[in-house]
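J.: With the sequence shown counted from 1, adding 3 to any position gets you my numbering.
Treat the hints as calculated values from the structure; they're not laboratory data.
Backbone N, C-alpha and C define an ideal beta-carbon position, used for all residues, glycine too.
Treat each hint with caution, since some may be false.
Computed list of lysine to aspartate or glutamate pairs in EDC-like fashion (alpha-carbon distance at most 16 Å, straight line) [claimed, not checked]: (1) Lys91 with Glu128; (2) Lys91 with Glu110; (3) Lys91 with Glu123.
Computed Cβ-Cβ distance ranges for the label pairs, DEER-style [unchecked claim]: (4) Asn147 with Pro225: 30 to 38 Å; (5) Ala134 with Phe208: 30 to 38 Å; (6) Ala27 with Ala135: 47 to 55 Å; (7) Phe208 with Arg144: 32 to 40 Å; (8) Val53 with Glu229: 27 to 35 Å; (9) Arg245 with Leu17: 28 to 36 Å.
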Amino acid sequence: PQTLSLRGRLLYRLMMGLAVHSSAAVITISQHACGDLARRYRLPAGRLVVTPLAAAAPFCPQPPVVLAAMRARYGLPARYVLYVGSNKPHKNLERLVLAWEQLGADERGDVQLVLAGHEETQHPELSQLVAARGLGGRVRRLANVAEADLPALYSGADVFAFVSYYEGFGLPPLEAMACGAPVLCAAASSLPEVVGDAAVLVDPFSVEAINAGLRQLLASPPLCDELRARGLRRAGTFSWQRTARMTLGVYERSAGQP
Numbered sequence: 004p005q006t007l008s009l010r011g012r013l014l015y016r017l018m019m020g021l022a023v024h025s026s027a028a029v030i031t032i033s034q035h036a037c038g039d040l041a042r043r044y045r046l047p048a049g050r051l052v053v054t055p056l057a058a059a060a061p062f063c064p065q066p067p068v069v070l071a072a073m074r075a076r077y078g079l080p081a082r083y084v085l086y087v088g089s090n091k092p093h094k095n096l097e098r099l100v101l102a103w104e105q106l107g108a109d110e111r112g113d114v115q116l117v118l119a120g121h122e123e124t125q126h127p128e129l130s131q132l133v134a135a136r137g138l139g140g141r142v143r144r145l146a147n148v149a150e151a152d153l154p155a156l157y158s159g160a161d162v163f164a165f166v167s168y169y170e171g172f173g174l175p176p177l178e179a180m181a182c183g184a185p186v187l188c189a190a191a192s193s194l195p196e197v198v199g200d201a202a203v204l205v206d207p208f209s210v211e212a213i214n215a216g217l218r219q220l221l222a223s224p225p226l227c228d229e230l231r232a233r234g235l236r237r238a239g240t241f242s243w244q245r246t247a248r249m250t251l252g253v254y255e256r257s258a259g260q261p
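Go ahead and model the full structure; you've got the sequences and the hints to work with.
T.: Now the structure itself:
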């Protein structure tokens, strides 16, 4: 809420309150979001149903020829740590960049930090930080990535880093796992229930903890291999078919159908 204007917060609270209290059932996308809604609006447990999201079918490990074409298209190095998402404040990218800056040249090697996703001009803090720290050579922004290229972008990453301190679900880490990328993830909000034991979890409010997680993954190919295998298994437990069945069940119960 702190990222919205006062008018935006008031309107959001009014609309959400009306929608929640007039609904026969409320569908949420994570246990964490379910808990937030129950506490905020004092809803009985029976009104809330969790229907997790899933990675779409194209999100799967990509072959070398596809990875090479993607790297050439975007001018990416052979090795990179990836983030996918917006630059909104809760995405916590400034701490990620500061943690990246703390890596020594021997720890970082030839790996580049790639931040992919739409850059909202009303949040210039990240660009200002990168410029002020002189990190243009170590941090790369990709503002316009085609949706069709995301599976290859995930698949080619040495590490996928997602240290957002609040998510309703957290689809990018799930997409990254489905593509075989080792994941570094915030131990916050819904993210632990999405990644399970298939990621290195860190305190998103600690630059030092994020730095330690990056160092751990970059220094340990065996750990990355283990996380790739775990991530693929974990991502396989989520499916849109299951989500659709669960959602249909909510509609049928709410309509009084058997």
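J.: Looking back at the hints listed earlier, which ones does the structure fail to meet?
T.: 2, 5 and 7
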